[in-house]
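K.L.:
The chain contents come next:
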Amino acid sequence: MRRNLFSVLVLLFVFAVSIPVFAQDGAGVEPWTCPQGFEGQTLNVYNFSTYVAEDTISNFEAACGVTVIYDVYESNEALLARLSQGNPGYDVIHPADFMVAVMSDLGLLQELDMSLIPNFANVSETFVDPPYDPGNVHSVPYQWGTLGVGYNITRTGEEITSWQQVWDYQGPVAWLEEPRIMMAPVLNLLGYSPNTQDAAEIEAARDFLIEHGGNVAAIAADDGQARLEVGEVDITVEYSGDIFQLIADCECDDFRYVIPEEGAQVWTDNMAVPVGAPNPALAYAYIDYILSPIAGADISNYTAYGTPLDLDLVGDLIDPELLSNPGIYPPQEVLDNLYFLLSVPEAEVLYSDAWDIVKVALSR
Amino acid sequence: MTLEMRSAGRPGIYKGEKRRGLALALPAMLWLGLFFILPLLIVLVISFLTRGTRGVQFTTPVTIENYIDILSFPYVDVFWESIGIAALTTVICLIIGYPLAFFIATRKSRIMQNLTLFLVILPFWTNFLVRTYAIKVMLGADGPLNTTLMNLGLIQEPLQLVNTQLAVLLGLTYSYLPFMVLPIYASVERFEFRLVEAANDLGANDLRAFLRVVLPLTLPGVIAGSILVLIPTIGAYITPDILGGTQGLMIGNLITTQFRGTGNWPRGSAASMVMMLLVMLALIGYVMMSARAALTNRRRPVE
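So the sequences go chain by chain: A and B. If you're matching positions, the first sequence starts at 1 in the working numbering and goes up one per residue. If you're matching positions, the second sequence starts at 1 in the working numbering and goes up one per residue.
Honestly, the hints are just simulated from the structure, not real lab data. A couple of the hints might just be wrong.
The calculated label-pair distances, taken between Cβ atoms and stated as ranges, are [said to hold, decoys possible]:
(1) B:K18 - A:G86: 46 to 54 Å
(2) B:L30 - A:Q85: 52 to 60 Å
(3) B:A25 - A:A226: 30 to 38 Å
(4) B:L119 - A:E74: 13 to 21 Å
(5) A:E61 - B:Q57: 38 to 46 Å
(6) A:E74 - B:T126: 22 to 30 Å
(7) A:P131 - B:F35: 38 to 46 Å
(8) A:D319 - B:L166: 41 to 49 Å
(9) B:L119 - A:G171: 37 to 45 Å
In this text, a Cβ means the ideal position worked out from N, Cα and C, and glycines have one as well.
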């Protein structure tokens, strides 16, 4: 008996010592292990299309012995429309940052039990406790990206690194048909919050845009990359992913993406468990799996968006070409300048009115 | 024939025939009621409401604020500009279309006449959007027009043609020219050219004969053509959007953005109502002018 107790203590000691050792040089590559007891169950995942690596789902199915029904949608609005009529049976959904706020306001999301998602500890500090979901009550981050500037370096003849260069550029530029997104960097530059609801500050940003919009050839409805590709414009404000797609598709070395040094909008897509989920326990297991280093890195290598996981943990698993791209993984000082755009329903009308005036002024 | 006889002879059956006649129009009436009158009423109601927040597109209180907005800066400026662009397009279409209609109508061989008419209508066989994009490609910095001019040495740098008001005018003129040509052709075809000889015989020179004889008799076609070009171009949306960029903002584009994203449905509705009123005024003007033209034409031989 006594010997048994002794050996148990020894074993415990060995474990206690060895766990930190594993964590130091092994945890980053340890494959995820599924908690017991899910065999034969079903999980319903609802995500954007082409937004997981090819083996993400099958690996999870193999690890847990479960079946995943993977359904896709094309926009956050479609997701909201589907869920607001009552959850048709989804366990995990992937709302964007602003949609997390909207859906949790509407009471569509469950509060997460973080004790069931131990890998949440892997998430980089940058994406913990985000302003759209303080305390990560309803969501954990899935992927992230920025809204910056795509340009044709052959046409511009120089590297573009700042909004100031975009505003001063002598040549055709495309803006995005999104009042909040276009006014945010100006508000930031003028020293105001990009999420301001103050009429005077919004008007100041409006006047700044009118003054600096002389080079704007078109205000594009998210097709700036196409206008850039055909040479209609030399610079465009666009989502990072659209420009990276253009760079990948082009048999050329003309196009670049940059997160302007003054700052830019960062967005996240997130994982959340909707109210009425048939199998929340398995949903937690899935979320924990996605936040494990290997599965998380696989996804980001496939999508070419940023992983929210701590790069100290997963950096070695990320494709070096992606990791060294400052448009995907910017240096810390750029990271510090990124801002989320929060929903400001009371000020929406101020922004849209200001935007109409900008458009009319630019048409002169 | 049988119908007339029966209804004349037996008034009881006439009522039934009338009802049956109404039944013929029923599908069209239902269609228009459901998809034209009803939506129009909805737009009218929304135009007097207030924009909501948090995804609520319209709410009480009832207000005329939207109409005041639309009739003041910056929206009213865009209205004027749209009317200006539409009027200019109409004039250009008229200058090109009027002689063209004469050219077609005066072809001696019937085959030639039909062939030229066919060529005018031919563009309609291709989708409007596709044609507009084709113009954009044609006018682009690397497009055939700029390339040709540069190869000829006429210009050194490609001309900035896309995303200008000129491109919008060009696109609109191209798209709506057939609407001008066809009605004018119809009235030129009926025109009796011996009347010009008669006018000359009576001492009128060519200009006078044109102004006093040719123009008045083809005026109904000119007016019909102008209305057919003016009305759709005032509300043009696709052409200025694709060809004009920031320079092509017309009222149709501004109305569209009011219904998208974070726009303002009540204001967009008010703008739509104002635009419909404008179009209706133009149509009333057309009806009055053509009535007067018909009257003077009837009177003319007596003069």
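K.L.:
All hints, please: hold or fail.
P.N.:
Hints, verified against the model:
no. : hint                        : result
1   : B:K18 - A:G86: 46 to 54 Å   : holds (52 Å)
2   : B:L30 - A:Q85: 52 to 60 Å   : violated (30 Å)
3   : B:A25 - A:A226: 30 to 38 Å  : violated (47 Å)
4   : B:L119 - A:E74: 13 to 21 Å  : violated (42 Å)
5   : A:E61 - B:Q57: 38 to 46 Å   : holds (43 Å)
6   : A:E74 - B:T126: 22 to 30 Å  : holds (29 Å)
7   : A:P131 - B:F35: 38 to 46 Å  : holds (45 Å)
8   : A:D319 - B:L166: 41 to 49 Å : holds (47 Å)
9   : B:L119 - A:G171: 37 to 45 Å : holds (39 Å)
Hint check: violations occur at hints 2, 3 and 4; the rest are consistent with the structure.
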